[in-house]
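Start from the sequences, fold in the hints, and give me the full structure.
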Amino acid sequence: MSNDLQFTCQTNQESTVQVSLKQAIAKANELNSANSWSR
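In our numbering, the protein residues as written are 1 to 39.
Please keep in mind that the hints were generated in silico from the structure rather than gathered at the bench.
The C-beta atom is built at its ideal place from N, Cα and C for all residues, glycine as well.
Check before you lean on any hint, since a few could be wrong.
[Said to hold, decoys possible] Distance windows between CB atoms, simulated:
1) N3 <-> S36: 40 to 50 Å
2) N32 <-> T11: 28 to 38 Å
3) A24 <-> D4: 26 to 36 Å
Laid out in structure tokens, this is it:
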């Protein structure tokens with residue numbers, strides 16, 4: 001039981017990190033697009 005719970009927590013943390021990474025990459029892409037567009 002505690003193993004399952006631990007695994008679930010771990011998986012949730014990993015997906016949260018992935019979402020954060022995706023958001024950061026999307027933001028960076030936005031900034032890159034804005035920069036190249038204004039040049």
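Practice task
Just tell me: holds or violated, for the beta carbon distance of A24 and D4 against 26 to 36 Å?
Solution key: Given range 26 to 36 Å: holds, Cβ gap about 31 Å.
Handout entry: Whether the CB-CB distance between N3 and S36 falls inside 40 to 50 Å
Key = The hinted range 40 to 50 Å holds for N3 and S36, with Cβ atoms some 49 Å apart.
Exercise for the section: Given the hint of 28 to 38 Å, check if N32 and T11 actually sit that far apart at their C-beta atoms. Expected result: holds, 31 Å
Hint violations for this structure: none, all hints satisfied.
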